[in-house]
Amino acid sequence: MAKLLRSASAAAKTGFSLTGAVIGAGFLSGAELVRFFPSAGFLPYLAVAALLFFGGFLLLSWCGRRFGGFEGTLRRVFAARAPWVRAAVLAGSFITCGSMLAGAGALAQACFGGAAWRAAAALAGTVLVYVLAHGGMRGLFAVNFALVPLILLFVAFYAVAPGAAAYGRAQAEGDAFGGLCRVLLYAGMNLFLAAPLACDAGARAGATAAAAGCAAAALLVGAGAAVVLANVCAAGDALYAEMPFFRAVGARGGAGVLFVPVSLCGIFTTLIASYYPLHNLFGGKKRAPVWRALLCAAIFLFSQLGLARIVQYVYPLLGGAGLVFLIGCLRPLLRSFFEQELLRQRDKRIHARRKYAQDRRCRHHKV
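Residue numbering for the sequence shown follows this note's numbering, beginning at 1 and increasing consecutively.
Hint data in this document are derived by calculation from the structure and do not stem from the laboratory.
Take these hints with a grain of salt, some might be off.
What the hints assert, rightly or not - Calculated cross-link-like contacts (lysine to any residue; reagent style SDA-like; alpha-carbon spacing at most 20 Å): (1) K285 <-> A133; (2) K285 <-> L90; (3) K3 <-> P289; (4) K3 <-> G206; (5) K286 <-> Y130; (6) K285 <-> Y130.
As the list claims (entries may be wrong) - DEER-style ranges, computed between Cβ atoms: (7) G114 <-> L150: 37 to 45 Å; (8) L132 <-> L90: 17 to 25 Å; (9) V131 <-> C181: 38 to 46 Å; (10) A142 <-> V324: 42 to 50 Å; (11) A82 <-> L239: 37 to 45 Å; (12) G55 <-> F177: 18 to 26 Å; (13) L132 <-> P44: 37 to 45 Å; (14) V127 <-> F177: 42 to 50 Å; (15) F145 <-> R81: 30 to 38 Å.
Just so you know, these numbers come straight off a predicted model, no measurement behind them.
The beta carbon of each residue, even a glycine, is placed where N, CA and C say it ideally should be.
Using the sequences provided together with the hints, build the complete structure.
This is the structure in structure tokens:
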């Protein structure tokens, strides 16, 4: 029983952490989903995205368990190219941190008005993540374990608000192949940014717990995206807002008043997950606090570009980088599979020869 409880706890921590790494400012605001998914007939695309998330999370956790976390994965999978890949992942984390702070600023400006609120909210988020990131993986698990269920409950409240018709709309005329390409970029971007967390979580959890956590995260992300898109598309004019989901539900009564604190929770879960590899970059170095402070200042300045610009122009580039990264991680998995298959086939041949020799001796004995 104790072993089962430990496995369930590890699966829950993994699932909530991976979910928290995805449902940040771009997700909860709806800006990211509107950019990568169609406004009608989006359920098939979300199903494909959920499958990609499950496969990608599972692949990354397998690499982390086999090669010893994210750093071990970089060394074993990419070898001489590891420094370049690490630099790309860190750049992606930097961009995500900036977009989360930009989302916090956009939310503050939408609620209170004035550009000063935008800068103040981004600055407060910068200071908060700098202070709390010193908890490492344990602190990250604790933050996600506490906040992600609250975010999911809030999103689930709006599951029936737009009506069933918003989910079942016919597919709008357009390029289906282009839509699938955007889904690939969306999944690749998020998997790329979650790679350090997914690999390190896989190294800590067992195979069964990691698989269960990956499945739960993929399901929660897909279902949450369906709810957000349905509400945004039902509102009509919300599609063109900087924060579409806020435009769709923020002005409503009831749980709409909770949109701001819940969105801040979502922003913070992704912010701290994205800042995690950047924080570890200076681990054990002299004057690490000073270098981390300078890094946070640079992230704050980048966030002033605004959420809409970052999502529109930078996120697709991260998606392409993520697909390249995942293809690289897929190679050792395929190599391991074929090596095991060759060993299995060789064992079968040896077993067949032994069986044949035994049968021959048996017949000679009978004669």
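Going through the hints against the structure:
Straight-line distance between C-alpha atoms of K285 and A133 comes to about 16 Å, which keeps the hinted pair within the 20 Å bound. For the given pair, K285 sits about 17 Å from L90 by alpha-carbon distance, which is consistent with the 20 Å threshold. The hinted pair formed by K3 and P289 fails the criterion: a straight-line CA distance of about 39 Å is larger than 20 Å. Taking the CA atoms of K3 and G206, the gap is about 11 Å. The hint holds against a cut of 20 Å.
Distance hint between K286 and Y130 is fulfilled; the C-alpha atoms sit about 17 Å from each other, no more than 20 Å. For the hint pairing K285 with Y130, the CA-to-CA distance comes to about 16 Å; that is within 20 Å, so the pair holds. For G114 and L150, the hinted distance range of 37 to 45 Å is not satisfied, since their beta carbons lie about 28 Å from each other. Checked against the given bound of 17 to 25 Å, the beta carbons of L132 and L90, roughly 20 Å apart, stay inside it.
Taken as a hint, the range 38 to 46 Å holds for the pair V131 and C181, whose Cβ atoms sit roughly 40 Å apart. Roughly 33 Å separates the CB atoms of A142 and V324, a value that falls outside the hinted 42 to 50 Å. Taking the beta carbon of each, A82 and L239 are about 41 Å apart, inside 37 to 45 Å as hinted. G55 and F177 have their C-beta atoms about 20 Å apart, which keeps the hinted 18 to 26 Å range intact.
Checked against the hint of 37 to 45 Å, the C-beta distance between L132 and P44 comes to roughly 39 Å, which is consistent with it. Range check, V127 to F177: about 45 Å between beta-carbon atoms, so the 42 to 50 Å window is met. Checked against the hint of 30 to 38 Å, the C-beta distance between F145 and R81 comes to roughly 35 Å, which is consistent with it.
The structure fails hints 3, 7 and 10 (numbered hints given earlier, in ascending order).
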